[in-house]
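Please assemble the complex out of the two chains, which come individually in their own frames, going by the hints.
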Amino acid sequence: AQSVTQLDSHVSVSEGTPVLLRCNYSSSYSPSLFWYVQHPNKGLQLLLKYTSAATLVKGINGFEAEFKKSETSFHLTKPSAHMSDAAEYFCVVSDLTGANSKLTFGKGITLSVRP
Amino acid sequence: NAGVTQTPKFQVLKTGQSMTLQCAQDMNHEYMSWYRQDPGMGLRLIHYSVGAGITDQGEVPNGYNVSRSTTEDFPLRLLSAAPSQTSVYFCASSYSRGGDTQYFGPGTRLTVL
Numbered sequence: 056a057q058s059v060t061q062l063d064s065h066v067s068v069s070e071g072t073p074v075l076l077r078c079n080y081s082s083s084y085s086p087s088l089f090w091y092v093q094h095p096n097k098g099l100q101l102l103l104k105y106t107s108a109a110t111l112v113k114g115i116n117g118f119e120a121e122f123k124k125s126e127t128s129f130h131l132t133k134p135s136a137h138m139s140d141a142a143e144y145f146c147v148v149s150d151l152t153g154a155n156s157k158l159t160f161g162k163g164i165t166l167s168v169r170p
Numbered sequence: 079n080a081g082v083t084q085t086p087k088f089q090v091l092k093t094g095q096s097m098t099l100q101c102a103q104d105m106n107h108e109y110m111s112w113y114r115q116d117p118g119m120g121l122r123l124i125h126y127s128v129g130a131g132i133t134d135q136g137e138v139p140n141g142y143n144v145s146r147s148t149t150e151d152f153p154l155r156l157l158s159a160a161p162s163q164t165s166v167y168f169c170a171s172s173y174s175r176g177g178d179t180q181y182f183g184p185g186t187r188l189t190v191l
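Protein sequence lines correspond, in order, to chains E and C. Here the numbering used here = 1-based position in the first sequence + 55. Here the numbering used here = 1-based position in the second sequence + 78.
Chain C with its partners taken away, still in its complex shape (with noise of 0.2 Å):
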């Protein structure tokens, strides 16, 4: 298994750009997140969705927005960068609730000019 992998490792955008941040798992998990880490902020996070076609909002959504037509996909969307979602962004995925042990992928490092 592959478990969860993000594309692409880096970006680097310009303000305004708009970007998707892609996701997968292969371990056939209900439950995938994406987080933002921020030096000494731990990880927050963004977007979570429970199942395919079902999706809420984490601690702090604003400039993001997600969907899950899959089981195995997760894209994270950037509508409009801006230099505060200058971040690394994680994407996890468990097998049935977001309290349940999480599986990191590697992250994608953005930086927004």
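One chain only, chain E, in its complex shape (with noise of 0.2 Å):
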């Protein structure tokens, strides 16, 4: 089985100050992870995915994230924030094995910039 926690629902930033939304998971296999975002009243889109290469992963917009398996987290990450991350934020995890493998959503941390 494998889960995903995100302990904070809401973070709030200035403009310009780093963002850092955690993310800790549970996998029986060596996993895949992905943090996905969601503008208000959009789809989700992928920020960037973790895939068992580098464990410093850089994504989409200034975002990047680190894999470290000995605390099992994967905490997102950006240096300066800007109004436009505004969003809600999922971490993912799966397991990647076979055809019904499947993905396991965090409830979503919604990050505030502050002007």
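Hints listed in this document are in silico derivations from the structure and should not be mistaken for laboratory results. Check each hint, because a few of them may be wrong.
As the list claims (entries may be wrong) - Each computed DSS-like pair below joins lysine-lysine, with the alpha-carbon atoms no more than 27 Å apart:
hint : chain 1 : residue 1 : chain 2 : residue 2
1    : E       : 124       : E       : 97
2    : C       : 87        : E       : 162
3    : E       : 113       : E       : 162
4    : E       : 97        : C       : 87
5    : E       : 113       : E       : 157
6    : E       : 157       : C       : 87
7    : E       : 97        : C       : 92
This is the structure we're talking about:
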């Protein structure tokens, strides 16, 4: 069984300050991990993806995440927040084994960016 | 490419009514799926399909039916709508497997009164 924990439901930062969105996972296999972003009233868009290559993954819009197996974490960071980063962020885990592999979503983090 | 398209964008139903949510993709993806999104619960898998003619249940399948007659289309049917089905529904597709990168449609916001 696999699961994702996003302990923070809401994070608020000032524009220009760093962003840290935390994610911890549980998986019986070597997992693949994703971060998706959802802007208001929109569908989900892939930010970045880890699939057992480099542990530091760079995504779109200046975001990156580091896979830490010992801590079972995959936190999302950005050095400087922009107003357009305000959205909901989902951490997602997959075992990527077999035709019936599935994604398990975290509950999401709402990021607010203050001017 | 249009990607993944969904219709309608908004729908209001009365309890007991039935309807079909449409989903289509033009990327020749084998895998398609339906999720529902409820506040504070992330996305939960309703049904999925690994190819034309093959469907299976996800985490929350009760009250929903699906079929996959073509690679492109994957409609979701609500048989007898209930207020508990008020949600935002997303269709997604990927090249081969559910565990791979998913491409999401824009969503359908459904309210059941």
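Structure-based check of each hint:
1. A threshold of 27 Å between alpha carbons decides the hint, and for residue 124 of chain E with residue 97 of chain E the separation of about 32 Å lies outside it, so the pair is violated.
2. Distance restraint check for residue 87 of chain C and residue 162 of chain E: the Cα-Cα separation of roughly 23 Å lies within the 27 Å cut-off, and the hinted pair is therefore satisfied.
3. Under the criterion of a C-alpha separation no larger than 27 Å, the hint pairing residue 113 of chain E with residue 162 of chain E is consistent with the structure, at around 23 Å.
4. At most 27 Å may separate the alpha-carbon atoms for a hinted pair to count; residue 97 of chain E and residue 87 of chain C meet this at roughly 11 Å.
5. Distance restraint check for residue 113 of chain E and residue 157 of chain E: the Cα-Cα separation of roughly 23 Å lies within the 27 Å cut-off, and the hinted pair is therefore satisfied.
6. Of the pairs offered as hints, the one joining residue 157 of chain E and residue 87 of chain C holds, with about 26 Å between alpha carbons and a cut-off of 27 Å not exceeded.
7. Restraint check for residue 97 of chain E and residue 92 of chain C: satisfied, since their Cα atoms lie roughly 25 Å apart, inside the 27 Å limit.
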